[in-house]
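Engineer: Okay, here's what each chain looks like letter by letter:
8 protein chains.
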Amino acid sequence: MAKFKLDEIDHQILDMLIENTRVPFTDIAKKLLISAGTVHVRVKKMEDAGIIKGSSLTLDYKKLGYSFIAYVGVFLKNTSQTKFVLERINEISNVTVAHITTGKFNIFCKIRAKNTEHAKDIIFKLDDIEGIYRTETMISLEESINDKKRLMHSIFSEL
Amino acid sequence: MAKFKLDEIDHQILDMLIENTRVPFTDIAKKLLISAGTVHVRVKKMEDAGIIKGSSLTLDYKKLGYSFIAYVGVFLKNTSQTKFVLERINEISNVTVAHITTGKFNIFCKIRAKNTEHAKDIIFKLDDIEGIYRTETMISLEESINDKKRLMHSIFSEL
Amino acid sequence: MAKFKLDEIDHQILDMLIENTRVPFTDIAKKLLISAGTVHVRVKKMEDAGIIKGSSLTLDYKKLGYSFIAYVGVFLKNTSQTKFVLERINEISNVTVAHITTGKFNIFCKIRAKNTEHAKDIIFKLDDIEGIYRTETMISLEESINDKKRLMHSIFSEL
Amino acid sequence: MAKFKLDEIDHQILDMLIENTRVPFTDIAKKLLISAGTVHVRVKKMEDAGIIKGSSLTLDYKKLGYSFIAYVGVFLKNTSQTKFVLERINEISNVTVAHITTGKFNIFCKIRAKNTEHAKDIIFKLDDIEGIYRTETMISLEESINDKKRLMHSIFSEL
Amino acid sequence: MAKFKLDEIDHQILDMLIENTRVPFTDIAKKLLISAGTVHVRVKKMEDAGIIKGSSLTLDYKKLGYSFIAYVGVFLKNTSQTKFVLERINEISNVTVAHITTGKFNIFCKIRAKNTEHAKDIIFKLDDIEGIYRTETMISLEESINDKKRLMHSIFSEL
Amino acid sequence: MAKFKLDEIDHQILDMLIENTRVPFTDIAKKLLISAGTVHVRVKKMEDAGIIKGSSLTLDYKKLGYSFIAYVGVFLKNTSQTKFVLERINEISNVTVAHITTGKFNIFCKIRAKNTEHAKDIIFKLDDIEGIYRTETMISLEESINDKKRLMHSIFSEL
Amino acid sequence: MAKFKLDEIDHQILDMLIENTRVPFTDIAKKLLISAGTVHVRVKKMEDAGIIKGSSLTLDYKKLGYSFIAYVGVFLKNTSQTKFVLERINEISNVTVAHITTGKFNIFCKIRAKNTEHAKDIIFKLDDIEGIYRTETMISLEESINDKKRLMHSIFSEL
Amino acid sequence: MAKFKLDEIDHQILDMLIENTRVPFTDIAKKLLISAGTVHVRVKKMEDAGIIKGSSLTLDYKKLGYSFIAYVGVFLKNTSQTKFVLERINEISNVTVAHITTGKFNIFCKIRAKNTEHAKDIIFKLDDIEGIYRTETMISLEESINDKKRLMHSIFSEL
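Chains as they are written, first to last, in the UniProt record's numbering: chain A, 1 to 159; chain B, 1 to 159; chain C, 1 to 159; chain D, 1 to 159; chain E, 1 to 159; chain F, 1 to 159; chain G, 1 to 159; chain H, 1 to 159.
Derived by calculation from the structure, the hints in this document are not laboratory data. One should not assume that every hint holds.
[Stated by the list, open to error] So the derived label-pair ranges between C-beta atoms look like this: (1) C/9 / F/147: 51 to 59 Å; (2) H/149 / A/20: 58 to 66 Å; (3) D/49 / H/128: 55 to 63 Å; (4) F/146 / E/75: 15 to 23 Å.
[What the hints assert, rightly or not] Subject to a maximum C-alpha distance of 30 Å in a straight line, what follows is the list of computed DSBU-like cross-link-like pairs (lysine-lysine): (5) C/53 / D/53; (6) A/77 / F/83; (7) C/148 / D/125.
[Stated by the list, open to error] A few chain B residues that don't get close to chain C, going by computed Cβ distances all over 12 Å: (8) 7; (9) 19; (10) 23; (11) 36; (12) 49; (13) 62; (14) 87; (15) 88; (16) 97; (17) 115; (18) 117; (19) 142; (20) 146; (21) 150.
For glycine and all other residues, C-beta sits at the position ideal for the given N, C-alpha and C.
Bound conformation, chain A alone:
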């Protein structure tokens, strides 16, 4: 559990970084009426505490020709192979997320592909992994929400 205590200033810094990770510290400082050094120290502190692990680009996958998203449920022959299979899955870069899950699937993955045919190739790569005995695919017709920012703001406002 989070033992690290964040104060109001930390929250405001985080709120600005959540919206734009590339915002210069001087801009944050000016907005919050503190020195840029203070911003730097506090961000550093949150990074050291491991709360901020990094940042990532938000790309327009459609514009890049990757508009096909699917969820693939994986059934394993034997769950003692879970670790081994996850390492193999990790070699397929089109798998952006994978979870060990309860329910009917052993592993549940999200994949991004160019189109139906490309998706077929990726699913076949999964199916061919030693230890995977079946997969079941659910195709996204529209990614209606993909937004962690709302959650981040709400988490920090609670802390």
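Go by the hints and put chains B, C, D, E, F, G and H onto chain A.
Structural biologist: Below, chains B, C, D, E, F, G and H alone, put in the same frame as chain A:
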């Protein structure tokens, strides 16, 4: 489809930004033996083209007390209500992803919660949305892969 | 059941028409060493008997931009609405086949669309039909076999 | 995607061929007030472009004693065997359609048989293919729609 | 529970009646070296005790044109309607067996029909019963065992 | 299909036999105002034609301590073993009915047992048959309809 | 989380009470070489801390004629009714356990009954609760493990 | 079945013990206006008859850090291994209940764990048992009812 042509320099800039969105342009410039102005122009161009849509922080949800992840499949009473329901779902900040899907579910969501009890509250909020007639939940026992960087590098190396 | 008796000549005519419905009767006549009039009379007879109901073009849907195929299982609110719903489905030209089926679905359709987004629109049209209460979609990753000619030859060789 | 441009005359020719592939070119010519040679040239051009791949007879399967239609979902032991299994399925002429699909089945087939007993024999042939581990059958109680003509007209009116 | 005590003679009488309900009592008497009156008294006693409730003909349904057997699982809108629905089902003579069951179905029926089309009509009659909200059908490809005699012999040999 | 023609007298004889297979021919004769010999000849004719295959007792299983009924769906490892497995099932006298079915099960059985524990033993016997890989059981809470007489009367009134 | 600290003596007292809640404190005292007063004080302390909530008899349900156990999955019309429905379920004393669950069911219950018929009555009572729209029952063929003692010992040995 | 006859006094004794197994016999005696010796004799008699098998503590698992409950359905490779697998399951103390069941699962277990991660470890232990081929987990979001006392009172009031 992506008609926008990226050259080798664009790729190298993107490769650095993917790893760390906060890397200063001067660092990129030094590494690639070009001017910081060139970096700026090219990033601007990719933003204008809509390829780069923004950036987001990567937080350590466990450290923040949000270690519970679940996937929730939503059955609608009538798909003519899809848009309306998605707007209601969008008001629940713990839902970070939502897709309209093929297969047994009409909408498929990812939620982040603090624990079982918190998850129950969120699922109940979903269940109470007018137009949702049932939900089915699959709980993540471990988020083994959550990494878009591999895919991003691979997309840009292909373009 | 088929009471109509076909003889060897009829079979040979059918075998040629199955391969190419546009083959001129004079070509058939030459090949089978009979008169074109005989071919004409026999084809006419099979049309009158209702065995040959017509002919259809075989298009390359991929070349025409229609490479997306899905099967959609339809659940009705009440099967007394079956006839009514099928009439509504019949108004959607992208539904090329529809069956009343046993098993979990009441009606089972095949649709052809341009891509994922187009498929979503068609599925939504189905979902909006009064009397349909849910649909479940299975997407084709590859149409590996679509060939009635083998069956036709085998039926006629049996008769 | 379809890069081939069809003009109004092409559409009208196609519209007539869709209704009856055996319509003589002279009839088309007369109707469209063009020469039969022009019809011939344009059809040839569409054949060469691969848009028209051929033609097929429409038979009355009921009259021929083949009134039993079923859809068979196939589960593979291992999807690396997909190609091999499809070649075996292709040897069974009663399978008129087969798709590699998402969802619970690996391969999804349509079969035509004479009656329940005949269907059993065909399903058993599928079950006996090395690499197929289970099949699930859904029986058609009525083929309510089987009509590609509506789609063809609508595709060409869009181009 | 069965409190009625059957002795060895009763068993032997039952064993003969199980094989052929029309066997004359004089034949049974001769075989068992007892009087026909004794046979009569004992059968009467078993009928009075309610163990023997009657007898039924075994017909060859195939010869009679009723070769189509299906099991139909019924989902009720509300199980408080079970009794009412069973009375409606009882009006359809093609339903020869109906059970209230655990598992996914509320009521589970066996139907005998002439063919696919006839089965469709019966299933539609079921579907139209007020209170039934869905049915799911499983078709018999072959009735491999239908034999209560083995069980009857084994029950009586145990008593 | 039934080519054997039954006349009105045959129907009336059958109607009486359906109600009580042990009704003496003299009673039938008296009721129908024909000779007992005629009844005999006609029943013999229907037996020879294979329409009447025999007769069976109707027991009160509850009174005999066999009040537990279950339906067991059987999954085979490989359907090429269907015949072999059915022979093994046939050795278990508590299985009174078995069908090869479409849908999720390969074989579908009806069993009669004394109680839950007895049912467990029978299901375990099925599970232990070489070639059976899984079974799924659905328990009857009440046998509400078990009546072939209605169907028999209706079949004969149609012929 | 458990902040209450138990020492070695507490564990040993608990270990004895787990095996037999009726063991006299003087016996515990003798065994652990402490005074009965100390036992009393410590048990009191654990009761006050809420760790020990009470005790329950272990009955032999089979001997009492309640040998039938079933699990019943409940589907609600609307989860906003969860609380209301649970109150109604709580009025049925044969339901010994009820959980709000993830997965396909909204509520999952355990019931104890005398036999199949009694179980049917209980299930029908559940089905008749306003707000419950369907139930699915899974019957226990044998309660192979029902033992919390192993877990209790293991929990206390860990603390 | 319960042949043992309990009289009114026995019921009243049981009613008090059900509420609190540790209630001193002298208290029961005072309340019921009988001697403590009589209470002792009657309880002894019920223990000897096997009706009372023992007693168990009711702990507050949440306070002890064990708030995570899940139901795990187990699929066996072959039910002939049922006994062997149950012995292995019995070695996992977090499994407090296990049943052999009808329906889709072969064995159905209840587990108590500290949290999601702990549950994963327990499920993995189950999955690694030789003879278990798959498990499916359903997580409890809230244990709403866990009360055998109501049933016990109702059983004894009936006897």
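Engineer: With reference to the structure, classify each hint as holding or not holding.
Structural biologist: Comparing the hints with the structure gives:
A C-beta distance of roughly 54 Å is found between residue 9 of chain C and residue 147 of chain F, which places it inside the suggested range of 51 to 59 Å. In this structure, residue 149 of chain H and residue 20 of chain A meet the distance hint of 58 to 66 Å, their C-beta atoms being roughly 60 Å apart. For residue 49 of chain D paired with residue 128 of chain H, a C-beta distance near 59 Å keeps the hint of 55 to 63 Å intact. A hinted range of 15 to 23 Å for the beta carbons of residue 146 of chain F and residue 75 of chain E is consistent with their spacing of about 21 Å.
Between the alpha carbons of residue 53 of chain C and residue 53 of chain D the distance comes to roughly 21 Å, so the proposed pair stays at or under 30 Å and holds. Distance restraint check for residue 77 of chain A and residue 83 of chain F: the Cα-Cα separation of roughly 28 Å lies within the 30 Å cut-off, and the hinted pair is therefore satisfied. The suggested pairing of residue 148 of chain C with residue 125 of chain D holds, with an alpha-carbon distance near 18 Å, which does not exceed 30 Å. No Cβ of chain C comes within 12 Å of the Cβ of residue 7 of chain B; the nearest lies about 29 Å off, and the non-interface call holds.
For residue 19 of chain B, the shortest C-beta to C-beta distance to chain C comes to about 31 Å, beyond the 12 Å cut-off, and the non-interface label holds. No beta-carbon of chain C is positioned within 12 Å of the beta-carbon of residue 23 of chain B; the least distance is around 35 Å. The beta carbon of residue 36 of chain B is kept farther than 12 Å from every beta carbon of chain C, the shortest such distance being approximately 40 Å. Distance check on residue 49 of chain B: its Cβ is at least 21 Å (rounded) from any Cβ of chain C, clearing the 12 Å threshold; non-interface status holds.
With a least beta-carbon separation of about 34 Å from chain C, residue 62 of chain B lies farther than 12 Å from that chain, consistent with its non-interface assignment. The claim that residue 87 of chain B lies off the interface holds: its Cβ sits roughly 16 Å from the closest Cβ of chain C, which is beyond the 12 Å cut-off. No beta-carbon of chain C is positioned within 12 Å of the beta-carbon of residue 88 of chain B; the least distance is around 18 Å. Taking the minimum C-beta to C-beta distance to chain C, about 17 Å, the non-interface status of residue 97 of chain B holds against the 12 Å cut.
With 12 Å as the threshold on Cβ separation, the claim that residue 115 of chain B sits away from chain C holds: the shortest Cβ distance comes to roughly 33 Å. Against the 12 Å criterion, residue 117 of chain B stays outside the reach of chain C, whose nearest CB is about 31 Å from its own CB. Every beta carbon of chain C lies more than 12 Å from that of residue 142 of chain B, the smallest distance being close to 29 Å; the non-interface claim holds. With a minimum CB-CB distance of about 24 Å to chain C, residue 146 of chain B clears the 12 Å threshold, and the non-interface call stands.
Under the 12 Å C-beta cut-off, the non-interface status given to residue 150 of chain B relative to chain C holds; the minimum distance is some 23 Å.
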